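Participant: Now that you have both chains on their own, put them together as the hints suggest.
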Amino acid sequence: MSMAKLAFRNFKSSLRHYLILILSLAFSVMILFHFQTLLYSSGFDVLGTRNKEYIELLIQMTSFVLGCFMFFFIWYSTNVFLTRRKREIGIYVFMGLSNEQIGQMYLIEAILIGAAAWALGLGFGTLGTGLFQMILRKLSDLAVEIQFTPGLRPVLTTTLVYGMIYLVFMAKGYIDIVRSSVLSMISAAKQNEYVQQKQGWLATKAVLGTALLVTGYYLACKEGRDSVMGNALLAVILVTGGVYLLFGGMIPAGFQALAGNKRFLYRGQRILWVNSFIFRLRRNYRTYAIVCILMLCSVTTLATGFALKGRYETIVQFENTYTFQLLSSRDDLEGPARELIEEHSEILFDARLSLLYLDQSVLEADAYYSRFGILAYSQVKQLAQRTGLEFPFQELAEDEVIKASHQYLLSMITAREDVDIRIHGTTYHQIQDTSIPYLGYLQESSGYYIVNDQAYERLRSLGEEVYVYNYRIQDTENFAKIRDRLDQLVENTPENKTARIAMDPNSNELDWVKMLYTICIFLFQVFVLAGGSIMFMKLSHDTWEERERSQVILKLGFDPGLLKRAAAAELGTAYGLTFLVMAISSVFSVRALGNMMFTDLTAVNLVSAGVVFGILLIWYLLSVQAYGQGYRKNEKR
Amino acid sequence: MNHNSRKVAAEVKNLTKEYGARGFLTQVLKGIELTVYRHDFIAIMGPSGSGKTTLLNLLSTIDKPTQGTVILDGQDITRMSNKELSALRRDKIGFIFQDYNLLDTMTLEDNIALPLSLNGVPGKDCVQQVQEKAAMFGLKEHLKKYPYQLSGGQKQRGAACRALITGPEIIFADEPTGALDSKSGRELLECLRAVNENGQATILMVTHDPFCASYAKDVYLLADGRITCRISRGADRKEFYDRIIDVQATLGGDFS
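Each protein sequence line maps, in turn, to chains B and F.
Going by my numbering, the first sequence opens with residue -13, and the numbers climb by one from there.
Going by my numbering, the second sequence opens with residue 162, and the numbers climb by one from there.
Same shape as in the complex, but just chain F (with noise of 0.2 Å):
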């Protein structure tokens, strides 16, 4: 699909971040360059150490970069203000973290439903769109159950419908499957690939996981804090997964 017809999602330019005190610093990115368009869904890969988390936290507004521009909705993030980037982080953007972070005080359906009510929206909608996500990922029948009893791939895909609920303009995604067994870790990966596909979410996800990465469309690889290489999917999810493979056997480096 030709890029120029689609719309940016965020936008990123010459990002650089450095740790450390003067003349002790360490330059974890150096100047990426990267954009991503609206119903994308990217797969950011690397070493250890490569900077693929610092990316995802300055794309997040989570962290401020040293050095460039990050545009999330038309806007340059680096350049808000601390109020202004909350009201982004709730309006525009979704997360879905390693250790699922529900609240362990309510229902997996309250749970799902608290950035819209938190937001304002009325009871009634409120519970609709719960139904509705819910469904998408397989959760209807666990809505009234608390975070303590459902499973692990039921709770991360309960934090994605949390993440989905407000229809924002990006999910990012923080090693998603890390907390998974392979099963629960695939389900959750469908469910997002479903979404992403039937053009309800624009997808952003640093994983070291291979397998992981081959369900989203573009694999980023990210080494000693640039990105080295891009690879695009095709057709078959397989063959995706074993370019994955021979790319990092070739880059080397320590993909845990």
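Here chain B stands alone, though its shape is the one from the complex (with noise of 0.2 Å):
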């Protein structure tokens, strides 16, 4: 019989085996399809061309994140895969076949695999785009419309990425299995022994996990202003290496020294899960951390996308407050300006004000913008109450300020109360930072700082006074014509200076965050399904070497009904850990999300744990019934 011929009919036979790899491997694929159709979708073009250097870099992040997705994933599976192929194939060797023979057999099995991993990608993203559509739909009506239309530029785009990744494991397994020796081959997967970890060791690894966990989590949270980068990547740096040293330390060191606690444990099946449990971490202690950041990640991708869509809806209006704004020196436009505007709408409000612009160099605060208004007390006050906006600040004290500032999408200045500015020599207390938009599209441009009515009296003769009007139209239709009526005003003469801004309710500019949020989405869809089936397979793997143990059970005459209990506890306990330690990881990666986008986050975490919750619990599910359907088959052997 030829290579070829004995490596199909080993596929063939064993294809159930095969499965779930196959199936893991299909999904990578689909993913990196669906995100290839997208990206050659219609989507981008409703964008314009207006946004490009945002969805360029997105895509390109996006990308890389998914590159190293796909990368890791490969890995993965094609190990647990080769580990396991090494034993079963490894046989050959006493017929009097060579490792390059043995190899050779590998070889053409994974290409076998990976070709019907390939087909059933492509099958899978072809009908699942529809449903990945749907999907964002039902989130949120604020998803741009993709129109998914399959093409032959995604189809080769992701086989040459998948083919290229999946070549560089295929050969990485003939490696290993030409270089190996008989003896490692034909017990590659019996390597069971349990080693019972030392006390002292696990306790080391158990406190500095701690320690890495706990400064991550205040450096993700503590509030900066210069800092705030370095501290949020440090502390995923942290938590990452704190979560691997949790699994890898504090969880066994808690569960051997429950074991050791016998009268908690002889108690039903605990004695076997706890055990098993035990005995698994030591091994999967790596996959459980993986998966743990991985949800983490899908978590905060998820509440960066409910974040997102509800930053998106208060900047546009924040950027709405006012259709029109004149920015003028001159103080008579009301009248003119409202004749104009009523020619066409009614005015829902108008308001006017005075603004005092100071060169950067009168004021030592931070270097964003090149110019800085102030506001007085008493005139933004009046305003406010024009305008219906709200206005709950104290009368100011003469060194106290407070900052108007505009909404951000994501900031990295988190502190933003308590600072102190110097105005001409003259030191200002920031008392607070509001993102009431006083002056509307205004504020998005430049600093302002509201002080005292007297210090703006001080201060009026070290810059240049101008008038702000302020105006909110009904009939929006009009606004085009309203605009063009307006510009009438406008003048740049040496003595008079005009401005006008006009807000178009109907503009698309913040259309690339929409693109964001999808992405966000995407994202939490492939952290979280791949985290899951990471999981899944790892299980499925240890159920497969749980034969022999669940037959001695058997022997000893327990029903079946105690092991699958006692798998379920055990399952629970893997599923139950990771979530648990995501869980609270996520409370700090998203209240650092929030601190950076000024939100309070708290209900969309509750809200995204709760998906990844939901999500965790079918794959549990599944584990326990790929446990039961294992335990069966072996139970007819």
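If you're looking for bench data, these hints aren't it; they were derived computationally from the structure.
Mixed in with the good hints, there may be bad ones.
[Unchecked claim] Pairs of lysine-lysine residues, derived as DSBU-like cross-links and limited to a Cα-Cα distance of at most 30 Å, are as follows:
(1) B:K184 to F:K285
(2) B:K184 to F:K191
(3) B:K550 to F:K306
(4) B:K248 to F:K174
(5) F:K378 to B:K541
(6) F:K285 to B:K550
(7) F:K253 to B:K550
(8) F:K244 to F:K191
(9) F:K191 to B:K541
(10) F:K344 to F:K285
(11) F:K191 to F:K253
(12) F:K399 to B:K550
(13) B:K184 to F:K305
(14) F:K244 to F:K225
(15) F:K285 to B:K541
(16) B:K191 to F:K306
(17) F:K306 to B:K541
(18) B:K248 to F:K305
(19) B:K541 to F:K344
(20) F:K174 to B:K541
(21) F:K344 to F:K305
(22) F:K305 to B:K550
(23) B:K191 to F:K305
(24) B:K541 to F:K253
(25) B:K367 to B:K483
(26) F:K378 to B:K184
(27) B:K184 to F:K301
(28) B:K248 to F:K168
(29) B:K248 to F:K306
(30) B:K541 to F:K225
(31) F:K301 to F:K244
(32) B:K541 to F:K399
(33) B:K550 to F:K225
(34) B:K248 to B:K541
(35) F:K301 to B:K541
(36) F:K244 to B:K541
(37) B:K248 to F:K301
[As the list claims (entries may be wrong)] Chain F residues, not near chain B, derived (Cβ > 10 Å throughout):
(38) E179
(39) R183
(40) L186
Since this is a predicted model, take the numbers as computed values, not measurements.
Beta carbons: idealized from backbone N, C-alpha and C, even for Gly.
Facilitator: Here you go:
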């Protein structure tokens, strides 16, 4: 029989065993295909060229994340497969086959598996695009309408990327087999010997892990100005390391201590699953940590998506506080402007105030803006009354200021209160930072400080005073007409300067945020499915190893139900702990995100964690089911 | 001792087992009759293919006979459902397998306590009983070790402890010394004899090794699916061993 025939026969007869591997590889193909389809879909066209740089950055970042994910995912699944196959096809050593011939057999089988996964992945991908679009639509009406038209380019790119990564690991597997000793090959899957972990070493890892996690959590939530970006990156590294050490140190130490307490341990099937969990934890802790981090990424990504949606709506509202704004050195434009607007629309509200522009050289604060505006407390209060905006501030002392900022989508400056600024040599204490849009769109482009009326009078001589006229109109369909009419007032002479701001209510300037939101939902799906399938794959592999042990229990006369209950408890502990560590970590990661987005994301955190819980629950039930099937197969032997 | 005054642990009547399809039937056991009394220590010997493992499987409820009855603890196991058989195996029977069958995921202590814990015995009682049994088998200082840290003999003594811990009616041992060196085998057999002699166990053992069989009180020789001979031990084990060898030589066949 030729090598190819033998490999094909092996593949056919073991198809059921390979199914999990094929499905997981198909899953990674599907994810890549979805992303490629998204990339080449009409979704990006609607955004126009205006947001091109944002979009390109997003695509690059997402491609990088997806690339890393695929690389590790394929690495992981082919590795599990290699270990198992090495033992099974390693037996051919006794029939006189050389390592190279066994390696060739592995290669042929791997090609068949890879090809089956590729075909299935593209098939699922084509069928699933509709489902993906439906999920996006369900989650929000905000998501960009994407026309998924399966084309040749996504297929080709997906095939190329997947093929290259898969080839690398196939070659790695071949080299691994060729270099293996006979002994290592036939005992590859039998390295089950339990080496009890030393309590001292576990305790060291537990302490170190806790320290890393606590520091990571602290840094993630620590407010700051220049240090936030660095802190966030450091927090990611520390929390990742901490989670690894938690699963590799504290959790095994805790369970070993529990197993030492025989009164606790000797309670029904607890003796089985606690010991089994400890046994497996030594080899599986990295998997649990990876899954935990993937799930943490998924919760954070979903929270980012939800938060972006919220921010998007807030920013649109913020910018559209006024439909038109006039900025002028003249203080007599109120009447003429009103007349021009009322020709085409009723005015919902209007308000005027004076504003003092200071050059940056006069003010010592963050250097983001080149100009700063000073507003008088009583004028802002009056404007708030006219426009209906809230004004929750007490009368200011002479050395106090309130900063009026714009709405941030995401800011790396999270410490925004108790800051001192110096204006022309005098120190003012910034008691609050507000994003109530007193100046509407104008507030987006410059920094503004509200000062006490006396302080405003004192500063008047230092800068240039201008008047701001704000209008919100009723009939937005006449927007263009009114804008053109108001242009009559615009002038730029040495005596008079007047500028006009018009906010088109139908503008698509912020549409790139929609794309970001769509990508967040997409990545959430990737992370959550990847995490779940890695866990499922690993635990299914364990079930395969479990057959000898389950036979012993059955021989002793214990019923299969007991084995299933013990397995359910063990799997529940594995999934439950992973979820718990993820949920606790997510509180901090989402809070850090909330700080950067100036929003309370607790509800979003709860919803995202709830979604992940639901998905993990499904994976858990599937794992229990797989265990039951695996056990029944063993029983028939 | 007069058998009539002792309680029966297991009774086999006209036990027959056939394998194969109709027309190609092989009769492995041909109407076996056997009574095991409480505190017996019986060894079943026979050449390869004589049916000794089949007999053990039928007695221990792992296999079902073609004909005949097996009465264990007063109940006919041939008429019991799988669930009832599981319960019987769990509560009334202890097993010692050739390849130990200890779980590598837990310590020796937990392995021994396993049947008790799964039967819902409180933790405190489990610990106490494990300590007692381990002391009898010389395993007290090895309780915290995992199977991979134990020698074959220690593992098999551990398996014997596990078989005894629930106080079963009868213990079935399938070639218990098969994987052990002679010293470890002797230690295990001494332990089994001790627990049998102090009235704690009824043992039915299948073996091909006359030395191993000489630790039993009675040896049944099985040939061609029938019990052909029964040899009972006197006071001296060495003399018993010689007798077994003699009978074996007389009967012939491959006893490996």
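Participant: Check each numbered hint against the structure and report the violated ones by number, ascending.
Facilitator: Violated: hints 2, 4, 10, 12, 26, 28, 31, 32.
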